[in-house]
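Participant: Listed below, chain by chain, are the residues.
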Amino acid sequence: MVAKREIPPVLEILCENIVKSNNPLALNEKDLSSWAKGLNLPLKGDTLFYTGGEYQLLPYIDSLVKTITYINPNGNFFSLVMGARKIVNMTGIHAEKIYASILAKDKKRYNLINYKAVYILQKLGYDLCYNGKEEIYSGALLHELGFWKELKSYAPKVADYVRKTEAKTVVCISPHAAEMFKLILPQITDFPDVKVRTFVEMVCERKELLPKLNYNKPVVIHDSCRLARELGIHEEIRQILDSLGVKYIEALRNREWTTCCGGPSKMLFPDISKIVSGRRVTELADTGADTALISCPYCLSALESGKHYESRNIEMEDLIEFIYRGYES
Amino acid sequence: MSSFKKDIDDYTKNLNDASKDKNISTALTRAVSTYRETVAATMKKYPHTPELAKEVREIKTEALKNNDKLLKQAMETIESNKGKAYFAKDQEEAIKIAHGIIGTGKVIVKGKSMLGEELQLRHNLEKLGNEVWETDLGEFILQLTNDRPMHILSPAIHIPREQVAEIFSKFFKKKIEPDIAEEVAVVREFLREKYFKADVGISGANVVAADTGQIVIIENEGNVRLCTGAPPVHIAFVGIEKLVPTFLDAMKVAEVNWRYAQYPAPSYVNIISGPSKTGDIEKVTTYGAHGPREFHVVFVDNGRSDMLKDETCNQALNCLRCGGCMYECPVFQVTAGHYGRTYLSGIGSVWTSFVDGGVDEAASMLYTCLRCGRCVERCPMKIDVPTMVGELRSRVVSSDDDK
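Respectively, the protein sequence lines represent chains A and B. FYI, the working numbering numbers position 66 of the first sequence as 69, with every residue one higher than the one before it. FYI, the working numbering numbers position 214 of the second sequence as 1028, with every residue one higher than the one before it.
Hints were generated in silico from the structure; no laboratory data involved. Beta carbons are placed, not taken as given, at the ideal position from N, Cα and C, and that holds for glycine. Watch out, some of these pointers could steer you wrong.
Said to hold, decoys possible - Counterexamples of contact, computed for chain B against chain A with all Cβ distances above 12 Å:
hint	residue
1	832
2	858
3	860
4	904
5	918
6	1108
7	1187
8	1188
As the list claims (entries may be wrong) - Below, computed lysine-lysine pairings styled on BS3-like, alpha-carbon distance capped at 30 Å:
hint	chain 1	residue 1	chain 2	residue 2
9	B	898	B	1196
10	A	198	A	171
11	A	160	A	215
12	B	820	A	155
13	B	819	A	23
14	A	155	B	920
15	A	220	A	47
16	B	1123	A	152
17	A	110	A	126
18	B	883	B	920
19	A	152	B	820
20	B	834	B	920
21	A	185	B	868
22	B	820	A	198
23	B	868	B	941
24	A	185	B	1196
25	A	152	A	126
26	B	1123	A	185
27	B	1196	A	152
28	A	155	A	126
29	A	198	A	220
30	B	858	B	886
31	B	941	A	155
32	B	858	B	1196
33	A	152	B	886
34	A	136	A	126
35	A	111	A	47
36	A	171	A	33
37	A	40	A	152
38	A	155	B	989
39	A	23	B	820
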């Protein structure tokens, strides 16, 4: 028998968490779906709102990365942190303590993005369904990290979730999930024949209905790699801003030439990730805009880190949060 | 089998150190900005280039499908041109062939070649008792510092003029000012003597026309002209992927290559099809007139035919080595060639997986790639690095018997 190649624990644990807990950080259903409490979204319907738990993960990822920046992400200590929910208190590190240390304001902010997205889409006349108890992660990281054999076994579970909702359209707020549903999963499993749309596309389609925003300063758009290059969506964001009556400045590297936020390196190469994020923040801040608009959870999280790393005075705001301002006022 | 888990610690430390190196960051920031500005201006002046690149993509893709035939044709043509053609299946064979031609105790002048790096030509020929001089200015600096290339076209991209002055002052045993013109002049003076004393000149090739047996070498410094023209023997080491059917195809490949390497036109394009000859006295063809009397071409496989058989990764063989992708890579921009071994950055991780140690050696590089895809936007051949990296990662994490 040929020995299995030794790989860094961080990769193994991310994979195991997804396969066994349907989520990269093994968060529980309450952590993932509490944002929808009170919305009373139906479990089935024509248009499925899909979070994949991705915005919900962000505060936990940030907290973990802050911890692992000081330790070796490939070491055993890190394995314990990543697998925290299943290995409790073996070395004095308690999963719940780590998870409890997540800043409440971060948790609230990222959870609210899901809520705000639903609110906006409903205001635009979309009827959405969502099944928080059963929703599972898209498997994007299995694909990204090369766990294709595991993804093949995992993919039918994602397909089943979508199928059960009887949806004809799936709206993804993360471009990573959209890429999985549109380009990857149909190739490896019997994926239901659904239209896959991003939040940006859905809003752009009914942009005339958006409330104007009284925002007098120009913003800068950070195009996400997945959205701009893989899915070809970048003009739509500009059209939405035009409808909102908001001026925008283009970053030197934008649209299909956009610069990566550094997010993909966060777990294996946290130091490099910070530097790459910081350089992108500099590109955005150098436009003179004081707000950058982002349409990807991982970009939002990475650029928030990059902003602190570079100490640049520019706000990182999700496009969802920005559009929602119009409804608040 | 090396351990990805263990290797990644040293690799990460090296990568992190590089990312904090001010020389790298200053040099790369300048280089990236110059590259983008120059390429934009060059494309404006020669707007047919992107269309020509599409044509070249087709030429290269078709050529790779017929690689066996083209190799046979090129070798026969080179022989009929009175050159000598060889095929080396791996590094060991390539070095054995070189040893057979060169022997020991010779002076060798060498032009820049990525295949030369892959085969570790200089070190191997030195081990065989020869004196070898790198003649590309960047490679010469690295030879003196015992360093390795940090970019495929600008190998000493990470060393600023002040540091070059220190290196040269020590080597030439006289004070060299940190003045680029002075630094260039001192190397010119030193190497000029070597070209004419050398027994052998070594080069790579950017493209080879199978129908005429002509090898094409693009350069700016003029060192390759001297390496391939002054010594009595010229040996070219060529990867088998460099073959295209016709001379006209080769010219198209060359133009796209230099344009994406940011040159409107390079100072020199060397086209060589055989040894130097003259028939000026009584019409008797005599070999070895002013140029070399011997011309040897060593075609090297070293994993390329395995890459060719790989449905996902064979597109990497289309790489022209223009280096454009590296300037667009956010990780390369802060770490230079530390994100690599012989071959660098995302495309380098694919090449490493086949020609320089396999996926075991490439694993850390494969996981450094952000899979952001901006390299694909820049690449004249539209090589899909993120897809290949994904595929190769899947080979890293699956056990061997899963494959």
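Participant: Each hint should be assessed against the structure and marked as holding or not.
Facilitator: Evaluation of the provided hints:
no.	hint	in the structure
1	832	violated (9 Å)
2	858	holds (16 Å)
3	860	holds (20 Å)
4	904	holds (23 Å)
5	918	holds (41 Å)
6	1108	holds (46 Å)
7	1187	violated (5 Å)
8	1188	violated (7 Å)
9	898(B) - 1196(B)	violated (35 Å)
10	198(A) - 171(A)	holds (6 Å)
11	160(A) - 215(A)	violated (41 Å)
12	820(B) - 155(A)	holds (28 Å)
13	819(B) - 23(A)	holds (23 Å)
14	155(A) - 920(B)	violated (58 Å)
15	220(A) - 47(A)	violated (41 Å)
16	1123(B) - 152(A)	holds (22 Å)
17	110(A) - 126(A)	holds (25 Å)
18	883(B) - 920(B)	violated (35 Å)
19	152(A) - 820(B)	holds (24 Å)
20	834(B) - 920(B)	violated (42 Å)
21	185(A) - 868(B)	holds (27 Å)
22	820(B) - 198(A)	violated (44 Å)
23	868(B) - 941(B)	violated (43 Å)
24	185(A) - 1196(B)	holds (22 Å)
25	152(A) - 126(A)	violated (41 Å)
26	1123(B) - 185(A)	holds (29 Å)
27	1196(B) - 152(A)	holds (28 Å)
28	155(A) - 126(A)	violated (38 Å)
29	198(A) - 220(A)	violated (36 Å)
30	858(B) - 886(B)	violated (40 Å)
31	941(B) - 155(A)	violated (50 Å)
32	858(B) - 1196(B)	holds (20 Å)
33	152(A) - 886(B)	violated (40 Å)
34	136(A) - 126(A)	holds (24 Å)
35	111(A) - 47(A)	holds (26 Å)
36	171(A) - 33(A)	holds (27 Å)
37	40(A) - 152(A)	violated (36 Å)
38	155(A) - 989(B)	violated (65 Å)
39	23(A) - 820(B)	holds (26 Å)
In the structure shown, a violation is registered for the earlier hints numbered 1, 7, 8, 9, 11, 14, 15, 18, 20, 22, 23, 25, 28, 29, 30, 31, 33, 37, 38, in ascending order.
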